[in-house]
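With chain S held as given, fit chain W onto it using these hints.
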Amino acid sequence: MSDVTIRQGVFPVPIQDPYADDSTQPFWDAALRGKLAAAKCDKCGTAQLTRPPYCFVCQSRDFTWRDLPGTGTIYTYTVVRHPLRPQLQEAVPYVGAVIELDGTQGAGARIMANVIDCDPELVRIGDRVKVEFEPVSETLAVPRFRLI
Amino acid sequence: MSLKDQTCVVGVGATPYYRRGESVPETETSMACTAILAALDDAGLTIKDLDGFAIYSSSCDPATVGAILGVPEIRFAATLTSGGGGAAGSLGLAAAAITSGQAEVVVSLMTLQQAKRRLGGTQVQGGGGGGGGGGSPYGAGGVPPTMAYTAHAGLLSPGHSFSLLTQRHMHLYGTRREALAEVCISTRQNAINRPTSLNRTPLTLEQYFNARMISDPLCLYDYTMESDGAVAVITTSEARAKDLKQKPVYIMASANGGMGRWGTAIFNYFQMPDEYFASSGHRPVAKRVFEMAGIAPKDIDVALLYDHFAPMVIMQLEDYGFCGVGEGGPFVESGAIRFDGGSIPVNTHGGNLSEAYIIGMTHIREAVEQMRGTAINQVKDAEFALVTGGPAGLPVSGSILRRA
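Protein chains in written order, with the working numbering: chain S, 7 to 154; chain W, 60 to 463.
Looking at chain S on its own, in the form it has when it is part of the complex (with noise of 0.2 Å):
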């Protein structure tokens, strides 16, 4: 971590793997290749990032990942301005913000990410974004959002 360059706007990812279990790996897979993934119901569809034991909406337990085409909309946002730790100071201010997911039903899919190089004065809830995944280690990459 210690060579990693801060950048604004830009959260540094604090760790290094996924600490990936069944539930998990299909994503962390599939961000490796550059592709968002959910964990689809197969008997209603519902989509969620991670494996679930049981589907919310029907019981069932079986599900197949899925690729998702990696655009969706910003529900949510804050602009984290105070470093909750001194090694932030670089990073702030920077956007975390919940975005719903094209190819999902929005609430149970939803993903927190950092939205990177944009203005944070003047993002706004609805706006669009397209992922893209910042390679970390050679087990992880992690998502990023951009504004389109």
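These aren't lab readings, by the way, just hints derived from the structure by calculation. Using N, Cα and C, we set each Cβ at its ideal position, and we do this for glycine too. Check each hint, because a few of them may be wrong.
For the chain W half of the interface with chain S, some residues (derived, Cβ under 7 Å), not all of them [as the list claims (entries may be wrong)]:
(1) Ala207
(2) Thr209
(3) His211
Using the frame of chain S, we list chain W on its own:
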């Protein structure tokens, strides 16, 4: 069958309130003991009478406290799950223990010392240079698989979480920062004449707007302070309450819970359905608590609303029906929550924002004092008080107290 009016709060006790860390060398356990003994004394009871713990957020360990204080026999020891959302609901838990015949004299309490742990701090230790040697910055236990989904977002603290809810509320309803300011200013006004308040300097609109932004749209004053202390209350049966030292305060209704998909609400979740995302999560609890009490929002004389963040007062006013959903901003801006002349005085004790943050117990203490008629900022002829816990992950809770 309902617990309505079958039990009463008969004792209240507290330590002084301290700024974060200043309660040392006291400990959370020692302060819990101090508050319990004070509450029993207030009721005209002793430790020999205590037989139950009905708490929330696992606020103390009844095994430890019971042993230290020499409680003769513990017959009930339970906590509501999750965190501060259970505060007001702990009174319902006490009433449940008593009305079901499991215990007779039950304490609910919170004790808090933030010298080492800070509730407002980060869930994860974000930031470059913090990892060191490739080890997990999350500690020896490593990172839970789901945490990696959010660790990169930079949304780490309770304040970030409530900023997200507030931003959506502003987007949907046009709620203004002026409304948040009014919550902070009116709450501060109530704290000024109270010796227990940690913040007693008047707050102006200008100061509010000049304060630094922490995470949009929340500035410094929208955040609760960090403090230490303990507050305990004693509940017993109506029959026994009548023979005790204080005028009993009836637990008229209590409810905890929330919609299943409200879930853990904040931190790493934010999957609440659109209909109630920008809310306090209290709507189902509000419905049940008013049904049990058999009264309506217009009957409430004073509302003690959990105020870890100013906007959540506005969302609770909506969810408890003091105004319509989305109308909370204009409602508070009209002066409706002022102690002096408002239609529903809110947080007459100065709340978490200005008096002290003891995770909701100060609100219960104030509700009891209002119903006894002994509050410092006494609402004239107050008959019914609403007290809440949360907004937070499920359960959130509310109770209605009434004077004898």
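Next item on the list: Classify the hint on W:Ala207 as holds or violated, based on whether any CB of chain S lies nearer than 7 Å to its CB.
Entry: The hint holds - W:Ala207 has a Cβ within 7 Å of chain S, the shortest such distance being about 4 Å.
Note to self: Please check whether W:His211 passes as an interface residue: C-beta within 7 Å of a C-beta belonging to chain S.
What the structure shows: With Cβ-Cβ at 4 Å, under 7 Å, it holds.
Next item on the list: Verify the interface restraint on W:Thr209: the C-beta must sit less than 7 Å from at least one C-beta of chain S.
Entry: holds (5 Å)
The structure is consistent with each of the numbered hints, conforming to all of them.
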